[in-house]
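Undergrad: The residues making up each chain are set out below.
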Amino acid sequence: MPENRPVFVDSSPLGRAGESTRKIMYTVSLTLVPALGVSVWMFGFEALRVLLLAAVFCVGIEFAAFRFSSFKIDSLDGSALLTGILLAMNLPANAPWWLILVGSLVAVGLGKLVFGGLGQNIFNPALVARVFLLISFPVQMTSWLKPGAVDGSTGATPLGILKTEGAGALAQTDLLHLAVGQMGGSLGEVSAIALLLGAAWLFYKKYITWEIPVTFMGAVLVFSGIFYLINPAQYASPLFHLFTGGVMLGALYMATDMVTSPLTFKGKLIFGIGCGFFTALIRLFGAYPEGVSFAILFMNAFVPLLDRYFPDKKFGVLKNE
Amino acid sequence: MLHPLKTFSRGGIHPAYNKFSADRPIEYGTVPERLLIAVNQHIGRPLEVLVKKGEEVTRGSLLAKSSGFVSSNLHAPAAGKVEKITRFPQLGGQIGETIIIKTENPGQSLKEILDSETPQSLRLDALEKEEILKKINEAGLVGMGGAGFPTHVKLSPPQEKPIDHLLINGAECEPYITCDHRLMLERSAELTRGMLILQKLFGGVPVTIGIEDNKPDAVKAMGEALAGKRGLSVAALETKYPQGGEKQLIKAILNREVPSAGLPMDVGVIVQNVATTLAVYEALVYNRPLMERALTVSGNLIKNPGNILLPIGTPVSFIMNRFEIDAARVRLLLSGGPMMGRASFSFESPLTKTSSALLFFDGDYVHRRRENPCIRCGSCIDACPMGLPVAQLTESIKGNLIAAHAKGDIMDCIECGSCTYVCPADRRLVQWMRVGKSIIRREN
Numbered sequence: 050m051p052e053n054r055p056v057f058v059d060s061s062p063l064g065r066a067g068e069s070t071r072k073i074m075y076t077v078s079l080t081l082v083p084a085l086g087v088s089v090w091m092f093g094f095e096a097l098r099v100l101l102l103a104a105v106f107c108v109g110i111e112f113a114a115f116r117f118s119s120f121k122i123d124s125l126d127g128s129a130l131l132t133g134i135l136l137a138m139n140l141p142a143n144a145p146w147w148l149i150l151v152g153s154l155v156a157v158g159l160g161k162l163v164f165g166g167l168g169q170n171i172f173n174p175a176l177v178a179r180v181f182l183l184i185s186f187p188v189q190m191t192s193w194l195k196p197g198a199v200d201g202s203t204g205a206t207p208l209g210i211l212k213t214e215g216a217g218a219l220a221q222t223d224l225l226h227l228a229v230g231q232m233g234g235s236l237g238e239v240s241a242i243a244l245l246l247g248a249a250w251l252f253y254k255k256y257i258t259w260e261i262p263v264t265f266m267g268a269v270l271v272f273s274g275i276f277y278l279i280n281p282a283q284y285a286s287p288l289f290h291l292f293t294g295g296v297m298l299g300a301l302y303m304a305t306d307m308v309t310s311p312l313t314f315k316g317k318l319i320f321g322i323g324c325g326f327f328t329a330l331i332r333l334f335g336a337y338p339e340g341v342s343f344a345i346l347f348m349n350a351f352v353p354l355l356d357r358y359f360p361d362k363k364f365g366v367l368k369n370e
Numbered sequence: 022m023l024h025p026l027k028t029f030s031r032g033g034i035h036p037a038y039n040k041f042s043a044d045r046p047i048e049y050g051t052v053p054e055r056l057l058i059a060v061n062q063h064i065g066r067p068l069e070v071l072v073k074k075g076e077e078v079t080r081g082s083l084l085a086k087s088s089g090f091v092s093s094n095l096h097a098p099a100a101g102k103v104e105k106i107t108r109f110p111q112l113g114g115q116i117g118e119t120i121i122i123k124t125e126n127p128g129q130s131l132k133e134i135l136d137s138e139t140p141q142s143l144r145l146d147a148l149e150k151e152e153i154l155k156k157i158n159e160a161g162l163v164g165m166g167g168a169g170f171p172t173h174v175k176l177s178p179p180q181e182k183p184i185d186h187l188l189i190n191g192a193e194c195e196p197y198i199t200c201d202h203r204l205m206l207e208r209s210a211e212l213t214r215g216m217l218i219l220q221k222l223f224g225g226v227p228v229t230i231g232i233e234d235n236k237p238d239a240v241k242a243m244g245e246a247l248a249g250k251r252g253l254s255v256a257a258l259e260t261k262y263p264q265g266g267e268k269q270l271i272k273a274i275l276n277r278e279v280p281s282a283g284l285p286m287d288v289g290v291i292v293q294n295v296a297t298t299l300a301v302y303e304a305l306v307y308n309r310p311l312m313e314r315a316l317t318v319s320g321n322l323i324k325n326p327g328n329i330l331l332p333i334g335t336p337v338s339f340i341m342n343r344f345e346i347d348a349a350r351v352r353l354l355l356s357g358g359p360m361m362g363r364a365s366f367s368f369e370s371p372l373t374k375t376s377s378a379l380l381f382f383d384g385d386y387v388h389r390r391r392e393n394p395c396i397r398c399g400s401c402i403d404a405c406p407m408g409l410p411v412a413q414l415t416e417s418i419k420g421n422l423i424a425a426h427a428k429g430d431i432m433d434c435i436e437c438g439s440c441t442y443v444c445p446a447d448r449r450l451v452q453w454m455r456v457g458k459s460i461i462r463r464e465n
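Just so you know, the protein sequences line up as chains A and B, in that order. Heads up: the first sequence begins at 50 in the working numbering, then just goes up one per residue. Heads up: the second sequence begins at 22 in the working numbering, then just goes up one per residue.
Bound conformation, chain A alone (with noise of 0.2 Å):
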């Protein structure tokens, strides 16, 4: 027998698409650049200072995890650093540099190493250490600087001033202000029209699909619709509340995390039309003015309830049993 053997002998397939984990991470990243442009322009170096402690804070704890624990962690596989990156868009922009080494702890920690790292986490850990945030240090997590201030002023969101003042309140604001993003907020609340840009390029790269995305803005629109046909001077518009608070990043970027969201096409539909319905609800009856957050949360525990229940229809089988 010759000398010279082939040296792999592997299982097809023996080629790849070439997708990995870090192109999609990274892309994902990279997608969210214009909607933190938009912050930065109006929130001025705060917003810039808020994202990069948030993405150094949240590698740095995977990579500290890596280092002293003995499962294996690609810290650099980019999931850490979407995750900062969502993180700092659920905090306002004057947030204390404590808030987001908590926020971080809490997102990484909590959200995601303890239930064994990635791809294993129920619930999406940006909003974990946001609800967290929220309910430990409400005062921090809900003064918002005023968009294009410079002197520091602070005000409240569109969605408070809706809840604290009624709708009464917001006769003159203009749906395009919103739009563009000229609002009160957090980080990556302010720009729906930014938002969408960025989630374009991965519905066409198929990191998302339209059914969470759809059925969330859908059910956010039909459910404060009702109440706006039926009183419009109490209840704000449906529009008004699909372009406010966090429904544009909730919809497009946390409720469709892949992790925690569905994985079949019915689960998919089910879990966006819960996301929406629960914002509406909070959002209009709640104590909170702004529910996008805890309706992800609460949704995410069905997902594998869903993923059981309302499975794909497999091939060769007229109806699944």
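There's no promise every hint is true.
Below, computed lysine-lysine pairings styled on BS3-like, alpha-carbon distance capped at 25 Å [to be verified]: (1) A:K362 <-> B:K27; (2) B:K132 <-> B:K102; (3) A:K121 <-> B:K419.
Chain B side only, calculated, beta carbon under 10 Å to chain A, not exhaustive [what the hints assert, rightly or not]: (4) L143; (5) P280; (6) L353; (7) L354; (8) I402; (9) D430.
Covered stretches of chain A, as calculated for chain B (at least 3 residues, CB under 8 Å) [unchecked claim]: (10) 63-71; (11) 164-178; (12) 358-364.
These are calculated hints, taken from the structure and not from any lab test. Cβ atoms here follow ideal geometry from the backbone N, Cα and C, with glycine treated the same way.
Take the given structure of chain A and dock chain B to it, following the hints.
TA: Here is chain B on its own, set in the frame of chain A:
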């Protein structure tokens, strides 16, 4: 084309097709010095070896005979002397009993051999079904697309499964492979006659040959060859892997779904490969057993990829010499296509009835990365032509916690490899599905 091309409804991928040898006519190979003929090249009962060391054989001598219904005869492709019968590494990676024949006329061209064999006049209407099946059985025909299932068994469905449509699989959806493409172009008339024989076998049912539209010349050639033949037709299919999967082909052309755990005959269909259909023609018209086959020789290490007709039992090293492949640079030798083929470890392994391609790659083609955690992106599920929840199934297999309701799903996997191909986390999904299948088989 005005109407949309036919295809299966869900899943599928578009790998780089790399059909470098599509415009290379099938060359006639020569008889090598030694033929190494694996005794068991089929699915079914093992064969009974009839020859002994030192025995003289001629072309067409029966070397081993089938030992039951689901079994397939084996013949000597060239005259020579049995040197020894030993266990030898095969292309699939297994070690199998092999008859080594020292040939009488090494270097003799297959063209010369084939030209000396004369066709007999065949009157289709005078043929009895039993006679056709008997000849196919005696000729040792197996599915030449890769599975190696005895053809006469496939063509003998039980009474309660009436067949109302035959499909010829000319999809050739695997990257690199072009031998069926060339057969459809160069031997369309004979292929047509093979289709007529199969049609006769099932009382004149329609026969459709499905061809992916990345082979427009083959669609055209077959369309011309079949023109005017009653019940024979061509279906142009969308180029999408795994279009040539039996179940996918039936779905694409006839819009019928083979039921879970079922066979094509459950929906009244039998699928035959292009090369097998030609072998049926040769078995009936030339009384020729299956002794040589056309295959594609390609890969990124070959300057001149091609298609070649070679005797079964030809060792890989013989082909490497002919195609001037530097053994020192080969890091991966594949038998079959990159999606479902097998990697082999020996350059001396011989061709079998099911070797549709030999692909030679250098180190650039091979990239090995460790499995990363599943990020539940759902790519595998979107790619799965069977609609299986691959991500969850493989997790349960890895944890050896296969739920009762998941077993049917796992067994329905056609092992096309689309899931592993698309997985961004480099998870070896189809490989785990194979593990799952073997676990379930062992339990039963």
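Undergrad: Determine for every hint whether it applies to the structure shown.
TA: Going down the list of hints, with the structure as the test:
{"no.": "1", "hint": "A:K362 <-> B:K27", "result": "holds (20 Å)"}
{"no.": "2", "hint": "B:K132 <-> B:K102", "result": "holds (22 Å)"}
{"no.": "3", "hint": "A:K121 <-> B:K419", "result": "holds (18 Å)"}
{"no.": "4", "hint": "L143", "result": "violated (38 Å)"}
{"no.": "5", "hint": "P280", "result": "holds (5 Å)"}
{"no.": "6", "hint": "L353", "result": "holds (5 Å)"}
{"no.": "7", "hint": "L354", "result": "holds (4 Å)"}
{"no.": "8", "hint": "I402", "result": "holds (6 Å)"}
{"no.": "9", "hint": "D430", "result": "holds (7 Å)"}
{"no.": "10", "hint": "63-71", "result": "holds (count 7)"}
{"no.": "11", "hint": "164-178", "result": "holds (count 4)"}
{"no.": "12", "hint": "358-364", "result": "holds (count 5)"}
Of the numbered hints listed earlier, the single one contradicted by the structure is hint 4.
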